[in-house]
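**Student:** Keeping their order, the protein sequence lines are chains A and B. Using my numbering, the final residue of the first sequence is 114, and nothing's skipped along the way. Using my numbering, the final residue of the second sequence is 112, and nothing's skipped along the way.
Don't read these hints as lab results, they were simulated from the structure. It is possible that part of the hints are untrue.
[As the list claims (entries may be wrong)] Which chain B residues face chain A? A few, computed with CB under 10 Å, are given here:
#1 36
#2 45
#3 100
#4 103
#5 105
[Claimed, not checked] Between beta-carbon pairs, the in silico distance windows are:
#6 B:58 <-> A:61: 40 to 48 Å
#7 B:46 <-> A:7: 16 to 24 Å
#8 B:40 <-> A:83: 20 to 28 Å
#9 B:13 <-> A:39: 21 to 29 Å
Don't be surprised by glycine CBs; every beta carbon is placed ideally from N, CA and C.
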Amino acid sequence: ETGVTQSPTHLIKTRGQQVTLRCSSQSGHNTVSWYQQALGQGPQFIFQYYREEENGRGNFPPRFSGLQFPNYSSELNVNALELDDSALYLCASSLWGLANYGYTFGSGTRLTVV
Amino acid sequence: LAKTTQPISMDSYEGQEVNITCSHNNIATNDYITWYQQFPSQGPRFIIQGYKTKVTNEVASLFIPADRKSSTLSLPRVSLSDTAVYYCLVGDSGAGSYQLTFGKGTKLSVIP
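Take the sequences, apply the hints, and build the full model.
**Tutor:** Structure, rendered in structure tokens:
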């Protein structure tokens, strides 16, 4: 059984640019969610996808968008990057209906905006 | 979503039992209590989940009193590798739009 894999592991972007982060869900999982974790803080929920549809969103602006593909892999896109977007971005997959118990997190992508 | 309160940090010596208590005064009837562990630059890892009374697995125990307004994660005989941040989460495990709400967690430091 494979876990959740994220790419790239590290990324440096310039303010105003756009970035795409990728996530491969754990085998058998059909739900994916994304989190932003600033230094010293707990992860903050961005949004969740189930069967390619967004079905939950946290308090993040529209320039944070995502996609889930038929194979349940996922992308997080961030437009017009700001310095405060620098953080660890975490992807988590689960099997619908087992939300609490079934969340498996990846190791994250460290994004630095300069 | 129920708000949780837990100590910011704790220190413990190797081999001791560590108890981390989380308060969740407005927990709802359907809410479960879940604990995650996170090492630096890694994603959170599920430790244990419970609804009431006591739950035990191979790495930890979770104690939940009858009123469910608090819970205690117990780590037996900690080692240096248990140094991490521990998060208490409360939420409905049923279907529907669901998000995990993390607080700042408890930073546990295990001392040799």
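**Student:** To test your reading of the hints: which numbers does this structure violate?
**Tutor:** Violated: none.
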